[in-house]
Structures are given as C-alpha cells and as structure tokens.
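Visitor: If you're matching them up, the sequences are chains A and B in order.
Residue numbers are given in the numbering used here: position 122 of the first sequence equals residue 151, and the series is strictly consecutive.
Residue numbers are given in the numbering used here: position 69 of the second sequence equals residue 98, and the series is strictly consecutive.
Derived by calculation from the structure, the hints in this document are not laboratory data.
Please note: incorrect hints may appear among the correct ones.
In this list, chains with the same sequence are indistinguishable; a pair is considered to hold if it fits within one copy or across any two.
Said to hold, decoys possible - Taking lysine to any residue and the SDA-like style, the derived pairs with C-alpha atoms no more than 25 Å apart in a straight line are: (1) Lys203 / Tyr35; (2) Lys230 / Ser396; (3) Lys230 / Pro171; (4) Lys188 / Gly109; (5) Lys128 / Glu49; (6) Lys155 / Glu233; (7) Lys230 / His185; (8) Lys266 / Glu392; (9) Lys188 / Glu159; (10) Lys261 / His154; (11) Lys371 / Glu233; (12) Lys188 / Asp397; (13) Lys236 / His154; (14) Lys230 / Arg253; (15) Lys378 / Asp149; (16) Lys371 / His154.
2 protein chains.
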Amino acid sequence: MDVTPYEVEGKVDYNRLIKEFGIRELDNELKERIKRLAGGELHFLIRRNIFFAHRDLDWLLDKYEKGEKFYLYTGIAPSGSMTIGHLIPFVLTQWLQKKFDAEVLIEIPDEEKYFARGIDFEVTHKLAIEDASYIVALGFDPKKTKIFITSEYIHHLYKHAIRVAKHITFSTIKDAFGFDNSTNIGLIFYTSLQAVPAFIKSAEEGKNIPCLIPLGVDQDVHFRIARDVIEKLGYYKPAILHSKFMPGLSGSQKMSSSKPEDTIYLKDSDEIVYKKISNAFTGQQPTAELQRKYGGDPEKCSVCQYYKFFFEEDDMKLNEIFEAERKGTILAKEHKEDLAKKVIEFLHKINKERERLLPRLDEFMLSD
Amino acid sequence: MDVTPYEVEGKVDYNRLIKEFGIRELDNELKERIKRLAGGELHFLIRRNIFFAHRDLDWLLDKYEKGEKFYLYTGIAPSGSMTIGHLIPFVLTQWLQKKFDAEVLIEIPDEEKYFARGIDFEVTHKLAIEDASYIVALGFDPKKTKIFITSEYIHHLYKHAIRVAKHITFSTIKDAFGFDNSTNIGLIFYTSLQAVPAFIKSAEEGKNIPCLIPLGVDQDVHFRIARDVIEKLGYYKPAILHSKFMPGLSGSQKMSSSKPEDTIYLKDSDEIVYKKISNAFTGQQPTAELQRKYGGDPEKCSVCQYYKFFFEEDDMKLNEIFEAERKGTILAKEHKEDLAKKVIEFLHKINKERERLLPRLDEFMLSD
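Extracted from the complex, chain A is given alone in its bound form:
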C-alpha cells in the first residue's frame, strides 16, 4: 500500500493509514460534538465515515467553542474534466461553511499536474477555470468564499511559500512523497505553495486564525510536513479532515479520473452516463435466478457505493438499497437504471447552476 498525492498503489487499508500517517480516527464522540455544534445535524459524509480521520479537529472545536471562528481551506489540482469524486471535499466544505458560518479559501494549483504528470500547462490552466465554475455551483456563499488559481495569485502566495520552503529539505520531501533524483524541481517545490492558504489569513490579518482543511487522505502528506513548518513560523497548525477515496465504477477502490469508464465526469451526457453505469461492476451473481437466491455484496457493488458516497443522502433509503442488493431483490439492470436517473438528475442540476452562476464567477475569484 502506497498513498501519496502522486500515487495510490495497492489495496488501501484506511485503518492502517490512520496508524502510518499518525492521524486520528473521527470517532463517535467527535462526530456527536460536530453534530451538536452544527445545530443538531451531521452531514452524511461524516455519518458514513467517508470522512474518517482528522488532525486536531478537537483542538479546532475547542477554539470554536471559545469564540474563535475558523476558516476552511480546500482545493483541487486540475488534470482532466472534474468528476463526481472530486466534489466530495467541496460538498463537505460547503456544508461546514453553512453550519459554522466559516470563510472558505479554495486553491486551484494549475501547475501541479503539469509538474506531476506533464499535462500541458495551457490545458491545466483552462481546466482550473472550469473547475472553479463547478465548485461555485455547489452553493458556496459568494460573500465568504474566495477561489484562486495558483499562477494567477502567486504574488500573494510566493512571499509566504518561500518561508515554508526554507524549512523543508529535499530529504524530507523525498521520503514523504516517494520522490527520487529524477523528480523535477517544480514538483519538489510545489508543496510550499499548497501549504500557504493554511496560514495566509493569519499572516495577512496579523493574528492567528484557526484553519480546517477537508481533503482526500492522499493529500495528508503535504500537511504532515507543512504543519510543523507553519508552527515554526508562528501560526496555528491547520486542523485536517480526511476523506476516503470515491470508488470506481469498475469496482475499484479508488476511481481513476483518467479512466473515463471508471468515473462520471460532470460534463458527461445522459447517454454516456447510462452507458457507463450500465457497464458498472455490481458483483451480482451471473444470473438473475442466482442473484435472487444468493444476493450480492453492497460493499463490493459500485452502484451501491455511488449511492453511499454521493447519491443517497437519506440513511434509511440507503439502507433499503443495500438490503435489496444483499437479499437479491433488486437486479443489476433496475439497480443501475435507478442510479443512472439520479446521476443524470444531479448532473443536469449542477450544470444548470453552473451556467446560471458563470456570469458571477468573478465574484468568487481572487486575482489582484
């Protein structure tokens, strides 16, 4: 098992990750505390352990209870069209914003995948703007949400990034990210820039402001290194909330955004969604008769997992879907058609919202 921002290899064991990364389980006590402070509700991504671990969330909530408001920071590195899976940290961030009245900073590093995968910078830069337009469509508060594309906001970031970079050696980076001597020097430096929004508000406002970062667990490495540096610079270490990976339609544990058949892009047409989902892996028995007799395994069924991760917020209804799969009362065809309808409905909604907000995108973007 190897989990870094640039490679996820082997079967991911989330319990082992908790130990190896030195992060903490998001346990029931902490969940109850979030629920209470959020006014009695808990987001399904937390209820279902999709956000499963954290760093210093208890500390952050202590601060919050004492009247120190926190801000949220998350991001996405554009590499291709945005997928459902990419939305997970943003969905939780938007919910946290609403419940905790928090400001949100979103970094879109348009250079990261150019360094990491050699995707042309013109392409990643264009995708960055597209990604921003989809993020906005999730319902962020325009007064409290600021999005910036790294190359366009670098004049605000660089002077802070150099202070981070000064405290990180190649040795540290190499071990943490699995780099070697053939890694390009852009990617080696990049983590300094990803660290900045975690303390930029403290630096600019001249007082410490707690920061919470919802992210995919593969991104933890950046902050495992940066948290200590940020503390050395005199700022609060950011708290972190870690999510599991969105499964792939092929039954893979982590969807691959570069395999079109394994994921749903936000731009996919109805026809393509139908086709992808009709080819999705369910793990059902080879015949309808056998499925009715033996049932399937919702944990392995990508259709069930899609409901769990994104398309069924209601736990009762999710339970019914899982039960039907388990007992064999639903067959793959119907199961997939139901999901496809939900997915298409969501895509229509987010694309419509995106269109509606496009003329207002600039309100969200930081550049000057």
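Using the hints provided, position chain B relative to the given structure of chain A.
Guide: Below, chain B alone, put in the same frame as chain A:
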C-alpha cells in the same frame, strides 16, 4: 577548486574554469569585433580580461550585424550592503547598453540568500531596494532599463519559471550546484526563476529576441542548465559574458562581501575607507629600503588590483601604477593614500547620484 553561486573554494584557475564549464575564452578576435561594433571603443573590463570568457557571444554579434538587436540581463542577490565588486557586471552592462542601444532587465532575487544563507527575508527584501538605488546611479537609461525584485514581480515570472522547472531534475541541480538531500526546496527551485529573464522578452513579445547576460563566472551554473531548457521551450539560448572575481583587500582572490575588512561597501564612510585601505595587503617588502630595492608584485597587491578592476580606466596610467609597484618607486603608504582618495571620490559621486535619482527610482522598477 569549486566554483558555484553558493561556494567558491580553493584557488580559482580561470583557464581551468574555461575547460570545466565548457565556456570559451574571450579572445582578441572577438574583442576586436566588439570594439568595432561599439564604435571603436572597448571597455577596460574587457580590455583587461576581467570579462574573460563567454558563451555564444559570436552568435549574438552575428545576429546584431544582421539587424537583430539584443537585450541585456543581469542581476544581484542581496545579502548585505552592496560592494564595489558587485558593481562590475552592472558597469559593463551599462556600457553595453549605451554602445549597442540595448534594453536592460535587472533581476534582484530577494529570496535567494534567504534560501542559501538564511539571511532574514525582511533584510534581503530591504537590501533589494537599496541595491536597485545604487544600480540606477551607474547611469542606466531610464527609458530602456527595467529592474524588478523577484517577490514583487513573481506574477510575471512564475508562469515561465514552471516551464523551466518542469525540465530540470533534482539530479541535475544536485550535481551542478553541489547540493545534497539537506538542501532546502526553495533553493532547489530557485534556478528556475533566475532563468526566466533570459527569455521573458521573447515569450512576451511572441518572437525570439537575443539576450546577453554579463555575470560573475560563479553564476554560470544557472545558465549552463537553463540554456538547454530555454532552447527546448523554443527560445534562443542566452549568450553570456563571464567576469573574474573582484579581489579582496586582504589579498584574497575573491573579495568576501561578508568580511567588512576585505571589501569596500558603497555606504562606507571616508574614515572607514581610509582605514580599510590602510590595512590592505600590498605584498610589499617588509621595509621601505627593501621595497625600493626589490619592488613588489602588482598581481598580488590588492591596491594595484583595485586600480585594475575599478579605479583606473586609463591603461597608460594603470601601467604606470603597476610599474611603480614593480620597481619599488612607490611605497605602501602613498600607494594606499592615492587609492583611498580615488575610492572616496567614487563613493561620494555614486552616493550623490543615488540621492539625486532616489525620487525617480520608481521609473526603473517593474512591479505591476
């Protein structure tokens, strides 16, 4: 012998550097050609082989003769008060500007010595502005000279720097600069930024424009790497003119700007200049009598070298000074007093010019 921007160790053998760096001697043919194209004059820094080597200068002059004008690029990384030695590349650059009607770009990387030596960034940033004010006082054409401080101009540099960084591996950097795993990631990345002004005009104007970089030979490493990358990006490789190191007052081959007694700062008072020069190494005989009998060695005498590198433009007069030293007709005290007068005169002049131009400094600075 080890010559990199971050360390100069051992006795520097310039002929050996030519071989090791793969650069070329600035020979008489090329000097004559510069002289002819410059309208019949040749700067003493070239006449005296203080600029002693080059890369592709012949190519640059071919282009020039065919009507393709070049621009000049040089710079300084602030680490302490500016010294006489720091001025050498700027003095030649200003002369080349005048003779070849060339635009000049000057980069002042305020972060480099923070990375390389841990000098506080607030300090280096402040020094950057001071350095700019002294550079301007050398007589650059305000209409054709643009100075920028890296952290303030990063929004123009970064998008180009990432394209350089993508093509450089840690392995390359490590070998070239003598880095190891304990080097900080800021310094590892930094060379990408130093490369940018060598092609930024071509990139921004959408057509290839030749660039000539006068620099201290220790800086060659940056461009040894960057030239190949710049060519891969589709731009002309910059041509380079390499200077020898200004000797130290202690008789060292390279003045150390961090040893106050070894160098003259542009801010030094008359009194300090007198004191430093009166303590300078001349290598003269232990007594006046012996000196009159055996004479000294102008190549080893730091006073003679100061005349050669900076304070006596007239070759005839320089020859007289060298002869007097060689023949023992001038004794250390008088020799030093003569130089001190010249140095003080120069410092008064440059500081006065600096004061005069301070209100106009913004005309030279690029920031937006």
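Visitor: Next step is simple, just say for each hint if it's right about the structure.
Guide: Tested hints:
In this homomeric assembly, Lys203 and Tyr35 come within 25 Å of each other (Cα to Cα) both inside a single copy, at 12 Å, and across copies, at 23 Å. Taking the shortest alpha-carbon separations for Lys230 and Ser396, both the intra-copy value of 16 Å and the inter-copy value of 23 Å come in at or below 25 Å. For the identical chains of this complex, Lys230 and Pro171 are intra-copy neighbours only, at 18 Å inside a copy versus 38 Å across copies, given an alpha-carbon limit of 25 Å. Proximity of Lys188 to Gly109 under the C-alpha cut-off of 25 Å is restricted to the inter-copy arrangement: shortest distance 20 Å between copies versus 29 Å within a copy.
Proximity of Lys128 to Glu49 under the C-alpha cut-off of 25 Å is found in neither arrangement, the shortest distances being 32 Å within a copy and 64 Å between copies. In this assembly of identical chains, Lys155 and Glu233 lie within 25 Å of each other by CA distance solely across copies; the values are 19 Å between and 29 Å within a copy. Proximity of Lys230 to His185 under the C-alpha cut-off of 25 Å is found in both arrangements, the shortest distances being 11 Å within a copy and 24 Å between copies. Neither within a single protomer nor between protomers do Lys266 and Glu392 lie at most 25 Å apart by alpha-carbon distance, with minima of 29 Å and 42 Å respectively.
Within a single copy, Lys188 and Glu159 get their C-alpha atoms only as close as 27 Å, which misses the 25 Å cut-off; across copies the closest is 19 Å, which meets it. Within a single copy, Lys261 and His154 get their C-alpha atoms only as close as 33 Å, which misses the 25 Å cut-off; across copies the closest is 21 Å, which meets it. Within a single copy, Lys371 and Glu233 get their C-alpha atoms no closer than 43 Å, and across copies no closer than 48 Å, so neither meets the 25 Å cut-off. For the identical chains of this complex, Lys188 and Asp397 are neighbours both inside a copy (15 Å) and across copies (16 Å), given an alpha-carbon limit of 25 Å.
For the homomeric pair Lys236 and His154, the shortest alpha-carbon distance between copies (23 Å) is at most 25 Å, but the shortest distance inside one copy (33 Å) is not. For the homomeric pair Lys230 and Arg253, the shortest alpha-carbon distance inside one copy (20 Å) is at most 25 Å, but the shortest distance between copies (40 Å) is not. When the C-alpha separation of Lys378 and Asp149 is checked against a cutoff of 25 Å, the pair qualifies neither within a copy, at 30 Å, nor between copies, at 52 Å. In this assembly of identical chains, the alpha carbons of Lys371 and His154 never lie at most 25 Å apart, being 31 Å within a copy and 56 Å across copies at closest.
Comparing the model with each earlier hint shows violations of hints 5, 8, 11, 15, 16; every other hint is respected.
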